[in-house]
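Engineer: Sequence:
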Amino acid sequence: MLPEILNDLKTSYETTINDLRRELGKIRTGRANLGMLDSVRVDYYGQPTPLSQVATMRVAEPRLITIQPWERNIISDIERAIMSSDLGLNPSNDGILIRVPVPALTGERRLELVKVSKRIGEDHKVALRNLRREANDMLKELEKGSEISEDDMHKGFEKINSLTEEFTNKIDSILKAKEEEILEV
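So the sequence shown is residues 304 to 488, counted in my numbering.
No lab work stands behind these hints, which were simulated from the structure alone. Keep in mind that a hint or two might mislead.
Said to hold, decoys possible - Cβ pair distances, simulated, as ranges:
no.: 1; residue 1: 388; residue 2: 461; range: 39 to 49 Å
no.: 2; residue 1: 400; residue 2: 437; range: 47 to 57 Å
no.: 3; residue 1: 457; residue 2: 317; range: 44 to 54 Å
no.: 4; residue 1: 400; residue 2: 433; range: 38 to 48 Å
no.: 5; residue 1: 453; residue 2: 338; range: 41 to 51 Å
no.: 6; residue 1: 399; residue 2: 322; range: 30 to 40 Å
The C-beta atom is built at its ideal place from N, Cα and C for all residues, glycine as well.
Using the sequences and the accompanying hints, generate a full structural model.
Structural biologist: So this is what it looks like as structure tokens:
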């Protein structure tokens with residue numbers, strides 16, 4: 304029973320880490336990153352469609368993203384969607400290709416983004432703690448129902464705590480790397 308709880312907990316923790324990476328990927332740094340355009344939706348035949356489903360995107364240079372729409376008639380729709388996305392990006396096109404220069408961040412904006420990333424990280428740490436509490440409650444229920452001994456329950460608590468600590472440290476290292484990336488000029 305304990306191995307099942309630990310496996311489920313580890314899977315949930317890994318999902319939380321993946322979600323953290325995805326959330327932090329949306330935060331704009333000074334460098335071009337395709338993840339920053341994940342939230343952009345283009346009006347494609349009346350349907351809000353993710354940009355990645357109507358165009359090929361690539362990072363051409365450290366501060367330039369190029370977007371090649373699969374249909375030329377939606378170039379202006381893509382530009383409009385990027386400009387209205389609150390990313391602070393100003394695309395331009397040559398009729399075939401859209402170029403999106405990524406401007407350098409101001410020092411003040413960098414510090415704001417560090418705060419945002421720390422808040423996101425803290426939210427994910429809270430999620431880990433909630434998952435830990437649920438797993439501990441499961442162990443207590445098993446012990447109450449005499450399915451495991453009190454010693455096994457305490458060993459389980461120790462394993463759960465060490466797993467939680469391991470994933471909390473992963474969150475800290477991911478946040479540290481993101482902070483360095485944001486503050487890099």
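Engineer: So, for every hint listed, does it hold in this structure?
Structural biologist: Checked hints:
no. : hint                  : result
1   : 388 / 461: 39 to 49 Å : 47 Å, holds
2   : 400 / 437: 47 to 57 Å : 50 Å, holds
3   : 457 / 317: 44 to 54 Å : 25 Å, violated
4   : 400 / 433: 38 to 48 Å : 46 Å, holds
5   : 453 / 338: 41 to 51 Å : 47 Å, holds
6   : 399 / 322: 30 to 40 Å : 36 Å, holds
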